[in-house]
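**Student:** Chain residues, written in single-letter form:
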Amino acid sequence: MILRFAAVVAAALVLAAPAAACAHPRTSLAYLEGQVMCPTCHTTLDMSDSAAAVQIKSFISKRIAQCATAEQIKSELVANYGQAILAAPSHKGFDLLAWWLPVAGVLGGGLVLGIGVWRWSRRQRDDVPREPAGSGLDEETERRLDDLLARFD
Amino acid sequence: MTRRLKLSAQVVALAAVAGLLALLVWQLGHQHHAPRVGAVAPSFTLRRLEGSGTVSLSAYRGKAVVLNFWASWCNPCKSEAKVLQRDWTQYRDRVVFLGVDYHDLSSDARRFVDVHGLTFPMLDDGSGNVTHGKYGITQVPETFVVSRTGRIVAHLAGPITNPTFAAEFRSALAKAAA
Numbered sequence: 132m133i134l135r136f137a138a139v140v141a142a143a144l145v146l147a148a149p150a151a152a153c154a155h156p157r158t159s160l161a162y163l164e165g166q167v168m169c170p171t172c173h174t175t176l177d178m179s180d181s182a183a184a185v186q187i188k189s190f191i192s193k194r195i196a197q198c199a200t201a202e203q204i205k206s207e208l209v210a211n212y213g214q215a216i217l218a219a220p221s222h223k224g225f226d227l228l229a230w231w232l233p234v235a236g237v238l239g240g241g242l243v244l245g246i247g248v249w250r251w252s253r254r255q256r257d258d259v260p261r262e263p264a265g266s267g268l269d270e271e272t273e274r275r276l277d278d279l280l281a282r283f284d
Numbered sequence: 032m033t034r035r036l037k038l039s040a041q042v043v044a045l046a047a048v049a050g051l052l053a054l055l056v057w058q059l060g061h062q063h064h065a066p067r068v069g070a071v072a073p074s075f076t077l078r079r080l081e082g083s084g085t086v087s088l089s090a091y092r093g094k095a096v097v098l099n100f101w102a103s104w105c106n107p108c109k110s111e112a113k114v115l116q117r118d119w120t121q122y123r124d125r126v127v128f129l130g131v132d133y134h135d136l137s138s139d140a141r142r143f144v145d146v147h148g149l150t151f152p153m154l155d156d157g158s159g160n161v162t163h164g165k166y167g168i169t170q171v172p173e174t175f176v177v178s179r180t181g182r183i184v185a186h187l188a189g190p191i192t193n194p195t196f197a198a199e200f201r202s203a204l205a206k207a208a209a
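The listed protein sequences correspond, in order, to chains A and B.
In short: position in the first sequence from 1, add 131, done, that's our numbering.
In short: position in the second sequence from 1, add 31, done, that's our numbering.
Quick caveat, the hints were computed from the structure, so don't treat them as lab data.
In this text, all values refer to a predicted model and were calculated from it rather than measured experimentally.
By construction, the Cβ of each residue, glycine as well, lies at the ideal position given by its N, Cα and C atoms.
Pairwise CB distance ranges (calculated):
hint, chain 1, residue 1, chain 2, residue 2, range
1, B, G148, A, A196, 29 to 35 Å
2, A, T174, B, D145, 27 to 33 Å
3, B, V42, A, D269, 49 to 55 Å
4, B, R35, A, G245, 16 to 22 Å
5, B, D145, A, S181, 21 to 27 Å
6, B, S39, A, T174, 36 to 42 Å
Work out the full structure, taking the sequences as your base and the hints as a guide.
**Tutor:** What follows is the structure in structure tokens.
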């Protein structure tokens, strides 16, 4: 009984030792699975159970257990598979286009939409029929109308 | 002014549509296909999986070459490895065998080579630029037999342990070695 307890304690210490040795918060497999691609199926790792994806997940788990940071793991994967292993393009060089083109597209679309709405509302205003400047009655009719109204006073 | 603005918007919209069409055509024209039997084997240079340095296919012009694409995560590659090693031992004085490791972790690939006792040169194509980009391969294992003139004489899109491919491989190998 004592021996069994000692074995459990020893196993717990062995497992806990690497965790305690980490100088920074550990990253997680769940976090990296969404950022790394499966090279053979072209989806992120969390969407794939292919043999290649399972191999990379196992590598990530091993490196997390060894206290590697997310950035370290990603750069090791890039060194092995190339930049395409990352789900998001990098923030430098030609890859910057992938980040800025959607922003430019949304801004451009908003501008076109704004101009369109502004022009449409201006046209609507121009089309509203205006009140005639005067009463629109000739002098004779106006005089008779005045006479009639005077009778009611 | 308004007319000019309208015209400019139409030109921009047309240019955008033309750009998207050009992108579609370019994409269709750049899809990766396996080279046909009889075509010249696409040239490449890859770094060695073990040790340092690179290997170019062009360096073997004048010799028959067996190009085997594999990965350590691929199950059929395991059974195929023994057959390839046996054939390499048998034909090594007449045919060059090159293994190309595809979309694989180098450490796992090296372990695979050790476990299966493979002694022919192994090349690392972790990015898949050669395997997929030049040879149009999406699944491993696949094997190409290249003649002394650099032309593809056989393409086996599956493990050479498969009875259908085994006969074709041995026939192509004998022909290339002759």
